[in-house]
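Enquirer: Line by line, the protein sequences are chains A and B.
Heads up, the first sequence is in the working numbering, so the first residue is 1 and it goes up one at a time.
Heads up, the second sequence is in the working numbering, so the first residue is 504 and it goes up one at a time.
Treat the hints with care, since some could be wrong.
Simulated crosslink set (DSSO-like; lysine-lysine; CA at most 30 Å straight-line) [stated by the list, open to error]:
no. : chain 1 : residue 1 : chain 2 : residue 2
1   : A       : K486      : B       : K589
2   : A       : K289      : A       : K252
3   : B       : K635      : A       : K383
4   : A       : K252      : A       : K285
5   : B       : K589      : A       : K295
Simulated from the structure, these hints should not be mistaken for laboratory data.
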Amino acid sequence: MDAFSELLNGFAVALTPMNLLWCLVGTTLGTAIGVLPGLGPALTIALLLPITFKVEPTSAFILFAGIYYGAMYGGSTTSILLNTPGESATIVTALEGNKMARNGRAGAALATAAIGSFVAGTIGTLGITFLAPVVVDWALRFGPADYFSLMVFAFVTVSAVLGSSEVRGLATLFFGIWLGLIGVDLQTGQARFTFGLAELLDGINVVVVAVGLFAVGETLYVASRYRLGKDEIIPLSGSLWMTSEEWKRSWKPWLRGAAIGFPIGAMPAGGAEIPTFLSYYIERKLSAKPQEFGKGAIEGVAGPEAANNASAAGVLVPMLTLGLPTSATAAIMLSAFQSYGINPGPLLLQSQTQLVWGLIASLFIGNVMLLVLNLPLIAIWVKLLQIPAPVLYAGILVFATIGTYGITQSPVDLILLYLIGGAGYLMRRYDFPVAPVIIGMILGPLAEQNFRQAMTISAGDWTVFFTRPLSATILALAALALFGPKLYQLAVRPKPDHVPGDA
Amino acid sequence: MTMTGGSAEEPPARARPAIGEAIIGAGVLALAIVTFWQTMSIPVSPIYAKVGPTVVPMMTAAALGVLGVLLLIDAWQGGWQTEDEKAVTPDRAALVWVAAGLVLNVALIGSAGFTIASTILFVCVARGFGSKNTLRDALIGATFALIAYFGFATTLGINIGSGFVESAIERLIGVEGP
Numbered sequence: 001m002d003a004f005s006e007l008l009n010g011f012a013v014a015l016t017p018m019n020l021l022w023c024l025v026g027t028t029l030g031t032a033i034g035v036l037p038g039l040g041p042a043l044t045i046a047l048l049l050p051i052t053f054k055v056e057p058t059s060a061f062i063l064f065a066g067i068y069y070g071a072m073y074g075g076s077t078t079s080i081l082l083n084t085p086g087e088s089a090t091i092v093t094a095l096e097g098n099k100m101a102r103n104g105r106a107g108a109a110l111a112t113a114a115i116g117s118f119v120a121g122t123i124g125t126l127g128i129t130f131l132a133p134v135v136v137d138w139a140l141r142f143g144p145a146d147y148f149s150l151m152v153f154a155f156v157t158v159s160a161v162l163g164s165s166e167v168r169g170l171a172t173l174f175f176g177i178w179l180g181l182i183g184v185d186l187q188t189g190q191a192r193f194t195f196g197l198a199e200l201l202d203g204i205n206v207v208v209v210a211v212g213l214f215a216v217g218e219t220l221y222v223a224s225r226y227r228l229g230k231d232e233i234i235p236l237s238g239s240l241w242m243t244s245e246e247w248k249r250s251w252k253p254w255l256r257g258a259a260i261g262f263p264i265g266a267m268p269a270g271g272a273e274i275p276t277f278l279s280y281y282i283e284r285k286l287s288a289k290p291q292e293f294g295k296g297a298i299e300g301v302a303g304p305e306a307a308n309n310a311s312a313a314g315v316l317v318p319m320l321t322l323g324l325p326t327s328a329t330a331a332i333m334l335s336a337f338q339s340y341g342i343n344p345g346p347l348l349l350q351s352q353t354q355l356v357w358g359l360i361a362s363l364f365i366g367n368v369m370l371l372v373l374n375l376p377l378i379a380i381w382v383k384l385l386q387i388p389a390p391v392l393y394a395g396i397l398v399f400a401t402i403g404t405y406g407i408t409q410s411p412v413d414l415i416l417l418y419l420i421g422g423a424g425y426l427m428r429r430y431d432f433p434v435a436p437v438i439i440g441m442i443l444g445p446l447a448e449q450n451f452r453q454a455m456t457i458s459a460g461d462w463t464v465f466f467t468r469p470l471s472a473t474i475l476a477l478a479a480l481a482l483f484g485p486k487l488y489q490l491a492v493r494p495k496p497d498h499v500p501g502d503a
Numbered sequence: 504m505t506m507t508g509g510s511a512e513e514p515p516a517r518a519r520p521a522i523g524e525a526i527i528g529a530g531v532l533a534l535a536i537v538t539f540w541q542t543m544s545i546p547v548s549p550i551y552a553k554v555g556p557t558v559v560p561m562m563t564a565a566a567l568g569v570l571g572v573l574l575l576i577d578a579w580q581g582g583w584q585t586e587d588e589k590a591v592t593p594d595r596a597a598l599v600w601v602a603a604g605l606v607l608n609v610a611l612i613g614s615a616g617f618t619i620a621s622t623i624l625f626v627c628v629a630r631g632f633g634s635k636n637t638l639r640d641a642l643i644g645a646t647f648a649l650i651a652y653f654g655f656a657t658t659l660g661i662n663i664g665s666g667f668v669e670s671a672i673e674r675l676i677g678v679e680g681p
């Protein structure tokens, strides 16, 4: 088995003391920021991007991957004990998990979430191990036109299909693409949208945008509605050891959750919400006690948590093999690759064997660390929830300033940070998805590059995107994903004309 | 789907245009116009005439324009804000405190240095979140900023604004600034 021997080499890389330490730092930090409301993996990795100037790539990515996986584990703790899902993917966990905690079964809910995350995370990482080489073989045949179409497909699904509205999703996506266009065009040397500011010639740093949206925007939003009510932290209750009945009710949902989450995450469409909701729905259908759902059913925690972690693993497949990020965190990891001058894509597995397989091996190790961090040591993380909100959010903004001002020491970056933060506040208040901004900003320039290469190869012939079979198929799928649901709706039941449409 | 934004005395059949949403739609449209106007000013060399630096910006401007119009139509039909959001009046005072902290931070970080600017930011944000104990917040903020300055910034090798507080401490403990 080729992938297997590569993986063994990867373990040799990941098991060096230095890399184990990076993995431990990453998973610990990841759990902490996952637990803390208001902080997420995208923001954390963005703030740590300057590390790419000091640390070799393998170690940096082991750190980032630890943060990425750790945040998934930590997030479930917050949704169970606090009922404020840190990320949309953990909404479902809060649904049943918080009810369990209220019924004095917090221990069992945390245990099934952590063990389920471990099981699914490990299955998902195995999935990466065996799927990545297959995708690479297939992707080597891709030309620039096919890549461009694939990116269009990802743009459509990430912004329009997965959110609550196509128009708002696409609006934030194009805002992101617009931000990505700012600066000198690398092919011709022309400055675009710099408004005469020398600071903008190099483009807007992705750190500024990510920190603005996720730290400043989020803080403004929370501040605007903070006095409305305090979240109640439910104390740890019940044994962390699950009873045999709880084990019996958990193991199948774990496996089913992993089976749902990984393939959906691995699709170039991404999105962790759909697999968690799907898993919740399936578990409710299959449960012997469907009446318990909504009142604290353990299957409703076990399945979605597993689906969430497996899909987080799945997202790494298109990121590593195609250079196609489908979540904000993956997009920021892609920009870390760029900062090293490494282009993720089909050649990555050959040119950076050490890095890729070391990273995958560290994911296995990280999962074991996270199980230990999140079960026996859970009491430490619960303490983090007791940090008062004024101190927490004030601290987040001070860190946001360091991360931004530290890059260039330019007040222009700080002003941009706060302006983008204001836009982020409006996006939260008016239900615009934020992730497409980051994805558009990072993937936009790559899409443009592929677009122009394809057009150059075809000597300016626009039809190239429709005459190459692969590209045409992907574009057809993108069109279907964008317009299909609307057409289906029109065909099945004509819209009553007195209902104003919410596009 | 049923986003009818009528007030209590008005029947929900005819939704009133939503002002907040309309402003956002207009903003997106304005961005499209600015983008179009800026794209026109990018010189294109004839070598790149077909796939030059303006093709994708043009597509972006067009897309933003269409989306801005669609958002305006949605706003005209009553907007899309969820009932949950509509029920909430944003806490203006809290927003002003946080914004004031941010503005003071930009204004002071260059002249007064990172620690002082951060402490003021910390105090303002904490005040926005309802903390009344300004002295305690200032102490926590200053400690936090100093730890961040010497720990985070030095480790990552990034240079954040140093003012007289930082230089004084560096001189005191005999280390060189980052």
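Enquirer: Is it true that the CA of K289/A sits at most 30 Å from the CA of K252/A?
Expert: holds, 15 Å
Enquirer: Is the Cα-Cα distance between K589/B and K295/A 30 Å or less?
Expert: Given pair K589/B, K295/A holds - Cα atoms ~28 Å apart, limit 30 Å.
Enquirer: Taking 30 Å as the top limit, are the C-alpha atoms of K486/A and K589/B close enough?
Expert: Cα-Cα ~27 Å, so holds.
Enquirer: Is the straight-line distance between the alpha-carbon of K635/B and that of K383/A 30 Å or less?
Expert: Holds, at roughly 23 Å.
Enquirer: Would you check the hint for K252/A and K285/A, treating anything up to 30 Å between C-alpha atoms as holding?
Expert: Roughly 13 Å separates the two Cα atoms, so the pair holds.
In terms of the numbered hints stated before, the structure departs from none.
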